[in-house]
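Enquirer: Single-letter residue listing:
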Amino acid sequence: MFFYRLLACALLPLVASVATAQTPVRGGTAVIVVQADPGHLNPGISTGSHVHAVADSLYNALIELDRDLKPQPDLAQRWTISERGTVYTFKFAPNVKWHDGTPFSSADVKFTFEEVLLKHHARTKAGIGAVIASIETPAPDTVVFKLRKPYGALLQLLNVTEAPILPRHLYEGKDPLTNPVNAKPVGTGPFKLESYRTDQQVTMVRNADYFKPGLPYLDRLVFRVIPDAGAQTLALMTGEADYLGLVNAADVERLRANSDLTLAQTAFGTGGGNCITTLSFNLDRKPLADLRVRQAIAHAIDREQILRDVQFGIGRVASAPISSGLPWAHAPGALSRYALSTQRAAELLDAAGLAPGADGVRMTIDLTHFPTFNRIGEVIRGNLAKVGIRVVQKPLDRAAFIEAVFAKRAFDANIISYCNGADPDSGVRRMYVSDNIGAVPFSNAAAYRNPEVDKLFAMAAETDDYAERSRHYVAVQKLVADDLPYWWMVETVVTTAWRSRFRGWQPWSGQVAERAWMSP
Amino acid sequence: MPAIASTLRAVAAGLAAWLLIQLLLFALVHAAPGGPAAALAGDFATRETQFEITKSFALDRPIAEQFVSFIARMAQGDWGISYHFRRPVAGLIAERLVPTLLLMLSALAIALFAGRALGLWAAANARGGALVAAATTAAYALPVFWVGQLLMLGLGLELRWFPVSGLTDPRQTGTSLTTGVDIAWHAVLPVATLALQQTAFFATVAHAKARMEIGQGYVRAARARGIAEHAIIWGHVARNVSPQLATAALNRLGMLLTGAVLVETLFAWPGLGRLLSSAILNRDHPVLLGAFGLIVAMVIASSVAADIVQTRLDPRVAPDKAAQ
Chain A
54 MFFYRLLACA LLPLVASVAT AQTPVRGGTA VIVVQADPGH LNPGISTGSH
104 VHAVADSLYN ALIELDRDLK PQPDLAQRWT ISERGTVYTF KFAPNVKWHD
154 GTPFSSADVK FTFEEVLLKH HARTKAGIGA VIASIETPAP DTVVFKLRKP
204 YGALLQLLNV TEAPILPRHL YEGKDPLTNP VNAKPVGTGP FKLESYRTDQ
254 QVTMVRNADY FKPGLPYLDR LVFRVIPDAG AQTLALMTGE ADYLGLVNAA
304 DVERLRANSD LTLAQTAFGT GGGNCITTLS FNLDRKPLAD LRVRQAIAHA
354 IDREQILRDV QFGIGRVASA PISSGLPWAH APGALSRYAL STQRAAELLD
404 AAGLAPGADG VRMTIDLTHF PTFNRIGEVI RGNLAKVGIR VVQKPLDRAA
454 FIEAVFAKRA FDANIISYCN GADPDSGVRR MYVSDNIGAV PFSNAAAYRN
504 PEVDKLFAMA AETDDYAERS RHYVAVQKLV ADDLPYWWMV ETVVTTAWRS
554 RFRGWQPWSG QVAERAWMSP
Chain B
995 MPAIASTLRA VAAGLAAWLL IQLLLFALVH AAPGGPAAAL AGDFATRETQ
1045 FEITKSFALD RPIAEQFVSF IARMAQGDWG ISYHFRRPVA GLIAERLVPT
1095 LLLMLSALAI ALFAGRALGL WAAANARGGA LVAAATTAAY ALPVFWVGQL
1145 LMLGLGLELR WFPVSGLTDP RQTGTSLTTG VDIAWHAVLP VATLALQQTA
1195 FFATVAHAKA RMEIGQGYVR AARARGIAEH AIIWGHVARN VSPQLATAAL
1245 NRLGMLLTGA VLVETLFAWP GLGRLLSSAI LNRDHPVLLG AFGLIVAMVI
1295 ASSVAADIVQ TRLDPRVAPD KAAQ
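Protein sequence lines correspond, in order, to chains A and B. The numbering used here puts the last residue of the first sequence at 573; the count rises by one with no breaks. The numbering used here puts the last residue of the second sequence at 1318; the count rises by one with no breaks.
Calculated directly from the structure, the hints in this document are not laboratory data. Note that the structure is predicted; figures quoted are calculated from it, not measured. Treat the hints loosely; a few may be bogus.
Straight-line alpha carbon distances no greater than 16 Å define the calculated EDC-like cross-link-like pairs of lysine to aspartate or glutamate that follow [said to hold, decoys possible]: (1) B:K1049 / A:D228; (2) A:K172 / B:E1042; (3) A:K123 / A:D517; (4) A:K447 / A:E431; (5) A:K123 / A:D518; (6) A:K178 / A:D517; (7) A:K339 / A:E431; (8) A:K178 / B:E1042; (9) A:K178 / B:E1046; (10) A:K172 / B:E1059; (11) A:K439 / A:D403; (12) A:K172 / A:E225; (13) A:K447 / A:D419; (14) A:K508 / A:E521; (15) A:K508 / A:D450.
To give a feel for the contact side, a few chain B residues facing chain A, derived at Cβ under 7 Å [to be verified]: (16) P1027; (17) F1107; (18) Q1143; (19) M1146; (20) G1148; (21) G1150; (22) L1151; (23) P1157; (24) V1158; (25) P1164; (26) A1262; (27) P1264; (28) R1268; (29) R1277.
Chain A regions said to be covered by chain B (calculated; three or more residues, Cβ under 8 Å) [stated by the list, open to error]: (30) 229 to 241; (31) 282 to 295; (32) 452 to 458.
No residue lacks a Cβ here, since even glycine has one placed at the ideal position from N, Cα and C.
Only chain B is shown next, with the shape it has when bound in the complex:
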């Protein structure tokens, strides 16, 4: 029962946070210099043209009125029409969400798997551990943009193993099967770029947690019973490292999205991040608010989920218990 109550509380807090952030966002978007009319009208547009555009999007109405109608429409599930694309925002976002999720989730899965293995291995091998720690620190510090360019130069240009841009081959009009292969092929470099930094992060988390665990009584007991060292690490310790990694992964979503924006721009990947960055330049308010709203919701949801998951996996951190 208290578990349900705390879950509800977490969800309610998340919802309140989302509303507050939408409010702030709305204010920020409208405070930014240079409105949609300037962005949209093209060069040399007359004052009338700009005014017509402003009027056609009801941007000449008082800001409070605009906010109320925005919230009212949002509540009805109407995300509005993009100023720049002149298409419904919901459809645009849905279109872009798929490539972004493909990118993020592939990178996350690889990073979790590789990071966990690296971290555990490092914890089990003192000398190797120092090396891994140094390497992960370095990898974590490398800018995503730079890593991406390096991969493009090496694996794309020099070796010609992978394409360097886009979601599909520009010259192909393939069937769904060949298109699937084509997309996977094009995804290799962007996913690798995004995964590298995340792998370093998860390796560091796994390494630190595993080293803590190795000092625990149960490990000493297992050693005393003569269980092989690798079985202790990959069996017992690994099991206790996993919850930490799961919550770290959920809390990591925001960072992953930030990385995705850069990777999408670099690799011409048609995802949410690029939709967002072009919406900023075009002052495309409906797209900005919709896409940000969705991202904020995703980040909040994942951190709420992280709390819940952590409680389930490790009852010691439950807030009700902590209060006692």
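Chain A extracted, bound-state conformation:
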């Protein structure tokens, strides 16, 4: 007993010192695991997560998102919004320089939006592009965005993932898609490119002239390409890497047992945030065009089983069409009427006139999905077999999936992880509005048309009054829960893991490593 007390006395100062050693220190190298090679390092011409996971650290945007996804100063030090919400004026931080020494100015912002983002960044083009009237540059440190109508989500969408600012002096007059600068990028960001070796690693070094005093802390930042999930976990455990953004669900327990590592669960990963694994019904095809059949499927799928058996209990069963990660827009309980019941499902299918044949099969549907959803597909196949629906799984890789689902619309049902992101206007609207049906990948896969839903989304976008926006989104969720163009299955949570001495990583922001540091 005495011994333990002695030990406690001896350890106490140690514990205290650990607790206070939270002041970031300068120096060190951090190795970040990425799953695939980025291909190029221009975040302005792509929405691809492999590009943004790496390239965003080289750039800045007008604003940065904090942990609660609220806008904070980045290039723009402060801003004002006109009374009607149609004029946004941004004032820049002083002394911002490009990595090649050229001073940054408002002309870079105007150029980037007009010539790159609104032409080649698919999300920004579709979102901000639809509302922007003009971009003016009254002074080198001032830019003014004039909108056609109020747009409540604007500030959130000016972050580095949606709207990175590129150097006009290197892009003007050249095709941004083929400009060789894309492989040797020059940004304003916290890190400068040192080398890019394809399928190996992208190495960055500290930008000593960064406009935010004292930042960044790390001397070097390495993005290491490791394609195999098992090998990623091992690289983290052996210390070859310091951070892994997406831990294989099956490896979570193993990593948790490792005292050198810290694990966290976050709704945000490099692929997007607030994602819901969703079953889409092709409303243009029989028999899924029949609401009763979709209701039957909703009653028949055991979402708890998906959560337990496939996600290893990580995440939660979706309780509304909008993620609980957007609490102000989420309508809890919106789906509670669809309790698991094979009996209710059978009644609905009977009512729809789909009687079981001699073999017990009422109908056969195909289910298209990425190979990563094979196991979820298997659970659905097993669940639906119980009510007489035969499911044929069609695993397709990304390019083939896009063609089958969005170009040819040759499917009955599919599985997509729809990410709601930081705001429903960019992350949710695209699933439901009728002008988004067709060849746009990962948009309105169901081909859902409801004029009232279209109107509610438009109204919610036009105001920055969150109470009003919330009312519109709750109303949307009630309508789509009635119509069931989709069946919202599980909200996924990403498990991330890192060496415990690695601190300050910001996975919710594109600016992931700006404040990261390595404890000695």
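On the provided structure of chain A, position chain B as indicated by the hints.
Expert: Frame of chain A; chain B shown alone:
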């Protein structure tokens, strides 16, 4: 003279096979669902964006026209520009060929040496032979992926002897000498993984051939002359096993490349196999056709070489003789 003629014939046949395979490949690549535009445009790309990409790569032209211009460019040595990396394909492939060759040739050399020794030893020791046969069969049947993971867990994670991923240490910016050592260090586990299965294969080949040879008259004659058994095996029999192993090795190149794709993915080794697998996912046609073209050429060349080598080492199998 007939040797030269048969060599020329073999080369011509190889060339024809290569052209035919390129044709098939071109058709296959274009028949695959989901084009480069879908792969490249990123999520949420509009129809126009995808169409612009399609147009910028001339993928909206008729397929026959595309094929003709592809062959014409190939003939001029122009491999095209990668859709995904937006860099010349030839440079990309050259960059990746080196790590792949390093991996394959090291594994092949180890496997040949170890397989030959194991096979001969097994042939000379009846009891040990059964054991070796069982072990090689088992080793040959083990999936490369699984063996690699096992080595990573044991030698990488538990013992910390070797790194588990990549070509070099991510934190080092070394000189050329230290980089060379670093690469060799990183190569140990992937080479071992790839070599294990190949060793089993060559051991089986060597074992079977050696057992055949042991039944031959010259071995009995040597024994009758009182030559020591190990001298017979490692001197006489070994010499007759080697040609068989050489041709087996050359014919093995395709299998070795298949293994290399898996090993490269597992160990994050930046080789041709990974370039190929990512090109498939990205529908990066120029890279696919270029890399496949090169691999097919290598496989065909090695099998042509195998025929020629075999003829030289063992004149009995020459096609002209066989016809008589």
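Enquirer: The structure should be examined with respect to each hint, and the outcome stated for every one.
Expert: Consistency of the hints with the structure:
This hinted pair checks out: B:K1049 and A:D228 have alpha carbons roughly 15 Å apart, not beyond 16 Å. Restraint check for A:K172 and B:E1042: satisfied, since their Cα atoms lie roughly 10 Å apart, inside the 16 Å limit. A hinted pair counts as satisfied when its Cα atoms are at most 16 Å apart, and A:K123 with A:D517 qualifies at roughly 13 Å. Pair hint A:K447 plus A:E431 holds up; C-alpha atoms about 11 Å apart against a cutoff of 16 Å.
Note on A:K123 and A:D518: the hinted pairing holds, with a Cα-Cα distance of about 14 Å set against a maximum of 16 Å. Taken as a hint, the A:K178 and A:D517 pair is broken in the structure, with Cα atoms around 20 Å apart against an allowance of 16 Å. A C-alpha spacing of about 23 Å is found between A:K339 and A:E431, which places the hinted pair above 16 Å, so the restraint is violated. Restraint check: the Cα-Cα separation between A:K178 and B:E1042 comes to about 12 Å, which is no more than 16 Å; the hinted pair holds.
Only pairs whose Cα atoms come within 16 Å are accepted, and A:K178 paired with B:E1046 is accepted, the gap being roughly 15 Å. As the CA atoms of A:K172 and B:E1059 are separated by approximately 30 Å, the hinted pair breaks the 16 Å bound. For a cut-off of 16 Å, the pair hint linking A:K439 to A:D403 stands: about 14 Å separates their Cα positions. Distance restraint check for A:K172 and A:E225: the Cα-Cα separation of roughly 14 Å lies within the 16 Å cut-off, and the hinted pair is therefore satisfied.
With a C-alpha separation of about 7 Å, the suggested pairing of A:K447 with A:D419 holds against the 16 Å cut-off. Taken as a hint, the A:K508 and A:E521 pair is honoured in the structure, with Cα atoms around 14 Å apart against an allowance of 16 Å. For the suggested pair A:K508 and A:D450, the alpha carbons sit about 35 Å apart, so the restraint of at most 16 Å is broken. For B:P1027, the interface hint holds, since its Cβ comes within 7 Å of a Cβ in chain A; the closest pair sits about 4 Å apart.
For B:F1107, the interface hint is violated, since its Cβ never comes within 7 Å of a Cβ in chain A; the closest pair sits about 28 Å apart. Residue-level restraint check for B:Q1143 holds (minimum Cβ-Cβ distance to chain A is 6 Å; threshold 7 Å). At its closest, the beta carbon of B:M1146 sits 5 Å from a beta carbon of chain A; the interface hint therefore holds under the 7 Å criterion. With a least beta-carbon distance of about 11 Å to chain A, the hint placing B:G1148 at the interface is violated under the 7 Å criterion.
Hint status for B:G1150 relative to chain A: holds, with the closest Cβ pair at about 6 Å, below 7 Å. For the restraint placing B:L1151 at the interface with chain A, the shortest Cβ-Cβ distance is roughly 6 Å, inside the 7 Å limit, so the hint holds. Because the smallest distance between the Cβ of B:P1157 and any Cβ of chain A comes to about 6 Å, under 7 Å, the interface hint for this residue holds. About 5 Å separates the beta-carbon of B:V1158 from the nearest beta-carbon of chain A, less than 7 Å, and the hint is met.
Of the supplied interface hints, the one on B:P1164 holds, with its beta-carbon coming within about 5 Å of a beta-carbon of chain A, less than 7 Å. Interface hint at B:A1262: satisfied, since its Cβ lies 4 Å from the closest Cβ of chain A, which is below the 7 Å cut-off. For B:P1264, the suggested interface contact is upheld, since its CB lies about 4 Å from the closest CB of chain A, less than 7 Å. For B:R1268, the shortest C-beta to C-beta distance to chain A is roughly 5 Å, which falls under 7 Å, so the interface hint holds.
Because the beta carbon of B:R1277 sits about 5 Å from the nearest beta carbon in chain A, less than 7 Å, this interface hint is met. Counting residues of the segment 229 to 241 of chain A whose beta carbon lies closer than 8 Å to any beta carbon of chain B gives 4, which meets the minimum of three for the stated coverage. Counting residues of the segment 282 to 295 of chain A whose C-beta lies closer than 8 Å to any C-beta of chain B gives 8; at least three are required, and the coverage claim holds. Only when three residues or more bring their CB closer than 8 Å to a CB of chain B does the claim for the segment 452 to 458 of chain A stand; here the count is 6, and the claim holds.
In this structure, the earlier hints numbered 6, 7, 10, 15, 17, 20 are contradicted, and the remaining ones agree with it.
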